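Protein chains: 2
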Amino acid sequence: MMSGIPFSVYYQDNDIFVLLGCGISTSIIGALLWFFTRKTERTDIGKREGYLIVSLGWLVMSLFGAVPFVLHGSIPSYTDAFFEIMSGFTTTGASILDDIEALPHGLLFWRSISQWIGGMGIIVLSLAILPLLGIGGMQLYAAEVPGITKDKFHPRVKETAKRLWGIYVILTSLETILLMFAGMNFFDAINHSFTTLATGGFSTKNASIAYYTSPFIQYILIIFMFLAGTNFTLHYFALHRNFSFVKTNDEFKAYSLFILITAIVIMILHHPHLEISLEEKFRQSLFHVVSLVTTTGYVSSDYENWAIFSRIVFFVLLFIGGCAGSTGGSIKIVRHYLLFKNGFLELKRLVHPRAVIPVRVNGKAIPPEIISNVQAFFILYILIFVLSSIILSVTGLDFLTSIGASATCLGNVGPGIGTVGPVANFSHLPDFAKILLSFLMLVGRLELFTVLVIFSPSFWRR
Amino acid sequence: MMSGIPFSVYYQDNDIFVLLGCGISTSIIGALLWFFTRKTERTDIGKREGYLIVSLGWLVMSLFGAVPFVLHGSIPSYTDAFFEIMSGFTTTGASILDDIEALPHGLLFWRSISQWIGGMGIIVLSLAILPLLGIGGMQLYAAEVPGITKDKFHPRVKETAKRLWGIYVILTSLETILLMFAGMNFFDAINHSFTTLATGGFSTKNASIAYYTSPFIQYILIIFMFLAGTNFTLHYFALHRNFSFVKTNDEFKAYSLFILITAIVIMILHHPHLEISLEEKFRQSLFHVVSLVTTTGYVSSDYENWAIFSRIVFFVLLFIGGCAGSTGGSIKIVRHYLLFKNGFLELKRLVHPRAVIPVRVNGKAIPPEIISNVQAFFILYILIFVLSSIILSVTGLDFLTSIGASATCLGNVGPGIGTVGPVANFSHLPDFAKILLSFLMLVGRLELFTVLVIFSPSFWRR
Chain A
181 MMSGIPFSVY
191 YQDNDIFVLL
201 GCGISTSIIG
211 ALLWFFTRKT
221 ERTDIGKREG
231 YLIVSLGWLV
241 MSLFGAVPFV
251 LHGSIPSYTD
261 AFFEIMSGFT
271 TTGASILDDI
281 EALPHGLLFW
291 RSISQWIGGM
301 GIIVLSLAIL
311 PLLGIGGMQL
321 YAAEVPGITK
331 DKFHPRVKET
341 AKRLWGIYVI
351 LTSLETILLM
361 FAGMNFFDAI
371 NHSFTTLATG
381 GFSTKNASIA
391 YYTSPFIQYI
401 LIIFMFLAGT
411 NFTLHYFALH
421 RNFSFVKTND
431 EFKAYSLFIL
441 ITAIVIMILH
451 HPHLEISLEE
461 KFRQSLFHVV
471 SLVTTTGYVS
481 SDYENWAIFS
491 RIVFFVLLFI
501 GGCAGSTGGS
511 IKIVRHYLLF
521 KNGFLELKRL
531 VHPRAVIPVR
541 VNGKAIPPEI
551 ISNVQAFFIL
561 YILIFVLSSI
571 ILSVTGLDFL
581 TSIGASATCL
591 GNVGPGIGTV
601 GPVANFSHLP
611 DFAKILLSFL
621 MLVGRLELFT
631 VLVIFSPSFW
641 RR
Chain B
181 MMSGIPFSVY
191 YQDNDIFVLL
201 GCGISTSIIG
211 ALLWFFTRKT
221 ERTDIGKREG
231 YLIVSLGWLV
241 MSLFGAVPFV
251 LHGSIPSYTD
261 AFFEIMSGFT
271 TTGASILDDI
281 EALPHGLLFW
291 RSISQWIGGM
301 GIIVLSLAIL
311 PLLGIGGMQL
321 YAAEVPGITK
331 DKFHPRVKET
341 AKRLWGIYVI
351 LTSLETILLM
361 FAGMNFFDAI
371 NHSFTTLATG
381 GFSTKNASIA
391 YYTSPFIQYI
401 LIIFMFLAGT
411 NFTLHYFALH
421 RNFSFVKTND
431 EFKAYSLFIL
441 ITAIVIMILH
451 HPHLEISLEE
461 KFRQSLFHVV
471 SLVTTTGYVS
481 SDYENWAIFS
491 RIVFFVLLFI
501 GGCAGSTGGS
511 IKIVRHYLLF
521 KNGFLELKRL
531 VHPRAVIPVR
541 VNGKAIPPEI
551 ISNVQAFFIL
561 YILIFVLSSI
571 ILSVTGLDFL
581 TSIGASATCL
591 GNVGPGIGTV
601 GPVANFSHLP
611 DFAKILLSFL
621 MLVGRLELFT
631 VLVIFSPSFW
641 RR
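Order-wise, the sequence lines are chains A and B. So the first sequence is numbered by my numbering: it starts at 181 and just counts up by one. So the second sequence is numbered by my numbering: it starts at 181 and just counts up by one.
What the hints contain is simulated information worked out from the structure, not anything from laboratory work. Don't take every hint at face value.
Copies of one chain are not kept apart here, so a pair can be met inside one copy or by any two copies together.
Pairs of lysine-lysine residues, derived as BS3-like cross-links and limited to a Cα-Cα distance of at most 27 angstroms, are as follows [stated by the list, open to error]:
{"hint": "1", "residue 1": "Lys-528", "residue 2": "Lys-227"}
{"hint": "2", "residue 1": "Lys-521", "residue 2": "Lys-342"}
{"hint": "3", "residue 1": "Lys-227", "residue 2": "Lys-338"}
{"hint": "4", "residue 1": "Lys-528", "residue 2": "Lys-342"}
This one's a predicted model, so the numbers in the text were calculated from it and none came from an experiment.
Okay, chain A solo, but in the shape it has when bound:
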């Protein structure tokens, strides 16, 4: 909270004391909690405790993180502030702010860094912790992470975390420098770098990236969104010049190909009557495909008035997600890849009912339990999407807004369709809808099961 104070001092903003006060109080509460529980410290943290710590961690951070906005008065309603900061920590990027630029720089920085912190949390969570909890196919990656071995919680998680965060920091710094080089000021550059690497999508401008007309800025963002949506272990291996690992990674290949093909198809079909250059058509199309697939949610033009085909595709992209082990949310490429391949092999199995035909990812046969895990994840994801769309419609939202809001929040993307489209925001939604959507962001960000398991009766038994 206090990290943005230098900017507020520089720009002579009025949020210095609020940030200072909130920062100090939060630190004191944290210190007290630590002080009174330090002797009851347990080293035998089990799975149940794991689920609780992770879910409550995100919740408590958001409960405290919302306070500065309310105290400063720039977001008077606590529900709104909670929605905004939950959208930050879950790297969603959905906003209730009608005028982002009216916020003082310290609060803007807090808003952006919340996404960056959320992204850091997710990398470690998805590569080091969730696989050990056995969440919907995340086990696939446990073995691939340097320093992580199966069924061991402690050993080198700290080491791994440090390495991955190192890459995260390097990429963020690199993007900041490049964005400044392309014409952004330091404040905007570092804020956008924070929210790109986290695939968050908060911008410091009301018009999001449409504010910046420079093609260079857009291309830089496209590249870094793409990198942020890539499995961070691949960056690690690439930095160590182990390119064979990158080249043989099925998910990365599927991710790159899918983005390229979708961008080209949309480029061809999206606005045949528009008189703009081919380069700009390609850039606009690629920008939004990358932005939505990686679940960043930056907007460089209002695609709601593009061809209906593009709009449906953009809606479907809310369900794709980046690679596992990236900061991207939603269902994720590896799950789609596995399900698609399994569906295809299912046809083969019908023709050869006695043959055992395993699904292979990266050359390795995937055990049937994990496939069933991933299938259950997908089905649960669709179920949650459908149920929350229905509940949202009861609050009075129209059809498109209901499905758009629930899809984009569950997928941690940001922009939806209908009245929560790319150039709109979530401020007009009723409070109940905002609370439900905040919950959806959390559920989606923590791979569904981490949160839902807490609500199952068997979790609390004994």
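Put chain B on the given structure of chain A with help from the hints.
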């Protein structure tokens, strides 16, 4: 085709010679095909042949069935006529007719009886043939059908078919009598009985069931739609006074409860400002819930102007479907039940990772392969829905029409949303969309895999 001629004679219609000519030519072609292939008859029909026979059967019937409409001139376009009769044989009920009542009685009867024939085909297919082919969970029912034993194709399929068809005929006759008793004339009564038992939904009236204001007619239809959406083996057991089997059937319980609860919730929420009696509210709500869940698709009022909540729920109902072994289409209750239960147990498995927790249906543990089968079915269903919605949008349809048309045709329901809503029809769609939707009806009706397997390379290898 010739079965409707008596009505045309009675009502002095101009379609007598067309039906007679088409009927005789089709018979001659059939006889020739039989004559020239009778010596090459094979008794060792395998799975591959099974898929081909079933898929081509439906296709060839529709190719021939469309002819009378074109020759008579009441549906000038062959594409339109093909769509209409495919919608008949697949018991979908989607229509391209702007003025149904303008059709002569013989053709109307052909249109209705195509659904009845389709329904007959589906009962035998789903209870006797698909389980042996191992299609997405249909194996669950193989053991329960009287006279069917696992892995045996021939033995008593004929016997079973006769019994089930007996029940089908009895229910159809009973409904016809009751509808006449409630005020319909014989022609309308028998036509609606045909399309109710088949969960088809073709009506002889432009306004569908909204034409009949009598509450009795609506209640009779509700009851028979409900029965048509029930597993026909349950009717068989009930007729043999074996009620314990009916009482312990999980799918039937889930089906009844789901319909009742949904109808009550919609009754409470759908039009709070409308000044009609509670009975009528309940009846309207129940009618549409039963009509959509069983995939019949009759319409008794324009629910497109109900509350948004109801409309979203009605859209979601397109994905539910009747019980397995009924004439209902779509995903079907037993699959939802199994997936829902498995999702819930998945949470339990996360808490107790070492315990083996099987999914039980009707008290029996379901093998993991079948669960994975059903999961793959569900995912493939969603994939086909999404892809065809995208393709439809390229033909120029709007968002709601695209998703509505593909959902309702794939689910064999009938009415969609948008411009193919409950009081609209499919006549304004471009030819390409009609062909795609006809294909979707076939794919949905034959449980996806039966048709799709034919397009897999491994099907044709060796």
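Cross-check of the supplied hints:
| no. | hint | verdict |
| --- | --- | --- |
| 1 | Lys-528 <-> Lys-227 | between (38 angstroms within a copy, 12 angstroms between copies) |
| 2 | Lys-521 <-> Lys-342 | neither (35 angstroms within a copy, 40 angstroms between copies) |
| 3 | Lys-227 <-> Lys-338 | within (18 angstroms within a copy, 55 angstroms between copies) |
| 4 | Lys-528 <-> Lys-342 | neither (44 angstroms within a copy, 33 angstroms between copies) |
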